[in-house]
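Colleague: Residue strings, one per chain:
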Amino acid sequence: MTVMPAEGLFSLMWLLIALPLAGAAILLLTGRRSNSWGPYLGVLTVCASAILGVLLLIQMMGLPTEERTIAQVAYQWVFVGSFTVDLAFQLDQLSMVFILLITIVGSLIHIYSLGYMSHDPDKRKFFGYLNLFVAAMLLLVMANNYLLLYVGWEGVGLASYLLIGFWQHKRSAAAAAKKAFIINRIGDVGLSLAIMLMFVTFGSVAFSDVFGSATQASEGTLTAIGLLLLLAAAGKSAQFPLQAWLLDAMEGPTPVSALIHAATMVTAGVYLIARSNVIYNNAEWAAMAVIVVALITIFMGAIIGSAKDDIKKALAGSTMSQIGYMMLAVGLGPIGYVFAIFHLLTHGVFKAGLFLGAGSVMHGMDDNVNMRRYGALRSVMVVTFITFMAGYLAIIGIPPFSGFWSKDEIVHAAFERGWFIGGATVLAAGITGFYMTRMIAMTFFGKKRWETDVHPHESPAVMTIPLVILALGSTFMGMALLFWGDIESWLEPVVGYESEPTPLPTSAYIGITLTVVIVGAIIGWISYARREVPIDAPQGNWLTRAARKDLYGDAVNHALVVAPTNYAARALVWFDSSIVDGCVNGSAAIVGGLSGRMRRTQSGFIRSYALSMVGGAVLVLLALVLVRI
Amino acid sequence: MDPMYYIYLATLLFSIGAIGVLVRRNAIIVFMSVELMLNAANLVFVAFSRMNGNLDGQSVAFFVMVVAAAEVVVGLAIIVQVFRTRQSASIDEPNLLKY
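For the record, the sequence lines run as chains A and B.
Residue numbering for the first sequence is 721 to 1349, as defined by the numbering used here.
Residue numbering for the second sequence is 249 to 347, as defined by the numbering used here.
Hints were generated in silico from the structure; no laboratory data involved.
Where hints are given, some of them may not hold.
[As the list claims (entries may be wrong)] Now the in silico label distances, taken between C-beta atoms and shown as ranges: (1) A/S1297 <-> B/R334: 47 to 55 Å; (2) B/V315 <-> A/S1307: 43 to 51 Å; (3) A/L1331 <-> B/L257: 21 to 29 Å; (4) A/S1328 <-> B/Q306: 30 to 38 Å; (5) A/L1331 <-> B/T333: 19 to 27 Å; (6) B/G301 <-> A/V1334: 31 to 39 Å; (7) B/I276 <-> A/L1331: 17 to 25 Å.
[What the hints assert, rightly or not] From the structure, some residues in chain B lie toward chain A, with a derived Cβ separation under 7 Å: (8) A266; (9) I267; (10) V269; (11) L270; (12) L345; (13) Y347.
Source: prediction; values computed, not measured.
Ideal Cβ placement from N, Cα and C applies to all residues, glycine included.
Construct all of the structure, not just a fragment, from the sequences and the given hints.
Modeller: Here is the structure:
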């Protein structure tokens, strides 16, 4: 693939990152002085990035396919002997769609936050962090080498930590932020090891060098790199076994959840694997590991989402599950990469809509997140209800909403690989239908179960307009990307695309999936809309109880990691305080005691000193005499 | 004359001086005993100088005398000062500099 130098409008691509970064710097460094205008500046920088992104897209569409990879070198960043790393940005079809998703959905979330956070005293800081988040994510997707990608990767981790713990006065929020950061660090170790391994193997960490010479490396090396990258992706994208942070991350303000789940953060893992497609194409076992991890996560997420009464946690479960779909698709190889990105885009839009919708509901319900205290909100919050329904129909995959097209393609690609994987995706789609129906039934339908002093109301326009735009996206984006945008041939030069024959015609799979989804939805409707929803959660069966505890994710982490570490730490403390300190203190005590005895000889009587001198002299004399003889 | 006589005499003088330093409490007496020891050494120096026929020992004896004179100056000054504060010339009295 030829890489074109950045000319004309493309020479401005560094501005995409620089604008939100400058916004973050100004907002965070000017302090209270920018309290009044800071939030608007924060919104403005991201919107400007979005506009620039759209202009770049138009420019790129005018180029012939083979000239769509454009690189811009800012300066030479690392140069050690023959090893050099440039601070360079690369714009291609894959980064382009990510940039648009991040900036446009990011802008909408910023605008929404103006309303949602309007009463928060630290609003300025919040927008500063949001800008930092967007800038880091843009750096991640625009880097042209793994080292620069790692900078963005860490930036995203930092921004998520700051935002999840934004309400740090709440102990739970501070703990959730630390948890997210620490679990992400485990993934980061995987990424840094993968980068070192790439450097050792290929002598370079630039995408073009690594992918260009990937086929020359042994399969063992590629598998190791692939597995390490999978570890990194699992951390960032909340995949099994590093999924535990995602549900606690709901402690952050709702726009943050929307940003983490839709535009930034969790999509980074999928991006990493899609970007490294050459490695996975040549490492069968690593790709298989991706599929296994994805399948486990799809079901974990779906089961957790079905049991949670907290609307945000239920949505978080659904994100886990949907990201699992994307990971599955990238694990499938060239038959899936394109659809993983396709689903990522549609999911980014409808999940942002759902989260912001949930935020709107919470806004009207005095920040209560318990769906058992919702009910019958459809007539009170009309705009929120309609936009939420668009997101709902999109996520469960009802035609012609956007989720249908992308999820259907993933299911189809899964069937191309085999019955088992295909069947699993269909089953998970059915569970998606169940838990999403449960969510809307408990929230918008049924009887009022509000607390006595709550007066639900529709949110202000600054919050509902982004909702409407996202709802329109949830409705039409799938069709637009598939038929008008031709996403397959757009992404094909970067990630590759091929199709394998399946035993049944495509329509059959659509039929099966839709039937299962509708059955799931009907079960959800019967259980939660037709029947009374008890305000106190019933005990439930063992699976419900397990799912309420995040399928014991925390318990497992505690038993396997936290408790052994604590024991080891305690053992080391004991060793340090009794053995090491004992040796040091003991020798000091011996010397001190001896000195105490010996200093008694310093009596202060001159004559006794004189006696010892004479005695010493006599001894020396005697010694001399004896030696002489 | 047998040089051993000088040695015996010097040993006797030195022993008297050493015992004087050890057993007497009066600082002046102790000082005199020190002088006695120094002079015992001088005697040996001079005797051997005479015996060997060169002047090295005699010049060392002069050095010892000069040093002893200087020492007496400093030492007597200290003794006078101590006597002024304590009304005593006993060397067992000033024993504060100890453990």
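Colleague: Now tell me, hint by hint, if it's right for this structure.
Modeller: Against the structure, the hints:
One distance hint, 47 to 55 Å for the beta-carbon pair A/S1297 and B/R334, holds here, with the actual separation near 53 Å. In this structure, B/V315 and A/S1307 meet the distance hint of 43 to 51 Å, their C-beta atoms being roughly 45 Å apart. Under the hint 21 to 29 Å, the C-beta atoms of A/L1331 and B/L257, about 24 Å apart, fit the expected range. Distance hint for A/S1328 and B/Q306: a CB-CB separation of about 36 Å, consistent with the stated range 30 to 38 Å.
Checking the proposed 19 to 27 Å range against A/L1331 and B/T333 shows it holds: the Cβ atoms sit about 26 Å from each other. Roughly 33 Å separates the CB atoms of B/G301 and A/V1334, a value that falls within the hinted 31 to 39 Å. Taken as a hint, the range 17 to 25 Å holds for the pair B/I276 and A/L1331, whose Cβ atoms sit roughly 20 Å apart. Annotation: B/A266 was flagged as interfacial toward chain A, and the flag holds, the nearest CB pair being 6 Å apart, inside 7 Å.
The beta carbon of B/I267 comes no nearer than 9 Å to any beta carbon in chain A, farther than 7 Å, and the hint placing it at the interface is violated. Look at B/V269: its Cβ gets to within about 5 Å of chain A, closer than 7 Å, so that hint holds up. Satisfaction of the interface hint for B/L270 is found here, the shortest Cβ-Cβ separation to chain A being roughly 6 Å, below the 7 Å cut-off. At about 6 Å, the closest approach between the beta carbon of B/L345 and any beta carbon in chain A falls short of 7 Å, and the interface hint on this residue holds.
Hint on B/Y347 holds. Least Cβ distance to chain A is approximately 4 Å, under the 7 Å limit.
The earlier numbered hint that this structure contradicts is number 9, and it is the only one.
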